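Using the sequences and the accompanying hints, generate a full structural model.
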Amino acid sequence: MIRVTPAPEPPDFDAKVRQPGLRAIAEMTGQMPTYPRKSGKAFKPRTRKEVQSDGTSIAVRIDRPEDLPPSEIEPYWTAAIDDLMQAYDEVCAYSCFRIHPVTGAGSVDHMAPKSRAWNRVYEWDNYRLAAARLNARKNAFGDVLDPFEVQNGWFELELVGFQVLPAHGLTQDIHEQVQNTIDRLGLNDFRSYREEDAVCYWEEQVSFARLIKESPFVALELRRQGRLLAGDV
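Here our numbering is used: the first residue of the sequence shown is 579, the next is one more, and so on.
No lab work stands behind these hints, which were simulated from the structure alone. Remember, it's a predicted structure, so these values are computed and weren't measured experimentally. A hint or two may mislead.
[Stated by the list, open to error] Computed cross-link-like contacts, DSBU-like style, restricted to lysine-lysine with a CA-CA straight-line distance of at most 30 Å: (1) K622 to K594; (2) K619 to K594; (3) K692 to K627; (4) K692 to K616; (5) K692 to K619.
[Claimed, not checked] Label pairs and their in silico Cβ distance ranges: (6) Y771 to A695: 27 to 37 Å; (7) A787 to T612: 42 to 52 Å; (8) E782 to P589: 38 to 48 Å.
From the three backbone atoms N, C-alpha and C, an ideal C-beta is built for every residue, glycine too.
Set out below in structure tokens:
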């Protein structure tokens, strides 16, 4: 992983993601929407099963947003995928490979999970562009470093087996967080792809500019370790 600089919120994000999302949550929980509905049908109130002392269950209305199951939260964030792809140059925040439109799928990862932060579900600055495979691995686990907070140099690439490793000289706490992130996301499942990217560059099949676009972590590590071709900086 490398540090990802947060991109500014798109001008239409509020209208197409935040407003309809928060309106839906309010309607589902019987709250007064901050953004009143101007058209269309309101969402029906949601209920949950509550077991009684005699063992029977009854339907109880959900009246707090934090009690909504993640599966009930409307996925308005999908309207932001194209904006995320453009804002972050189509690069997955976790694998640091470009998400190819034909062979891969971009997805919205909620850094603060839907299950624990309903009020962050429709916030642009809570979104990380992620390949669908990496998003599924991160899930709602809390042991993955935030790409917005990672510092360049925390993750190193060794150029024999092309494994990602915690950098030397990190504090014990940061070292553990880096290792936990590597393990949780399975970053070393992609060794062969990193090797292929590096070899293609060394054999001059791709330029350094192209390598930065397709595989920025590999590109930065080759630069840091003095393995660039003559004339590249």
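### Task
Evaluate the given range 38 to 48 Å for the C-beta pair formed by E782 and P589.
holds, 42 Å
- [ ] Decide if the proposed pair is consistent with the structure: K692 and K619, CA atoms, cutoff 30 Å inclusive.
- [x] The given pair, whose Cα atoms are some 24 Å apart, holds under the 30 Å limit.
* Asked: Is it true that the CA of K619 sits at most 30 Å from the CA of K594?
  -> holds, 17 Å
query = Hey, K692 versus K616, does the alpha-carbon distance stay inside 30 Å?
reply = Since the Cα atoms of K692 and K616 sit roughly 26 Å apart, the hinted pair holds (cutoff 30 Å).
Against the range 27 to 37 Å, how does the distance between the Cβ atoms of Y771 and A695 compare: consistent or not? Given about 32 Å between the Cβ atoms, the range holds.
**Asked** K622 and K594: Cα distance at most 30 Å?
**Response** Given that 30 Å is the threshold and the Cα spacing comes to 20 Å, the pair holds.
The hint says 42 to 52 Å between A787 and T612; measuring C-beta to C-beta, is that right?
Given range 42 to 52 Å: holds, Cβ gap about 46 Å.
Quickly compare the C-alpha distance for K692 and K627 to 30 Å and report which way the hint goes.
-> holds, 21 Å
Violation of the numbered hints given earlier is absent; every hint is satisfied by the structure.
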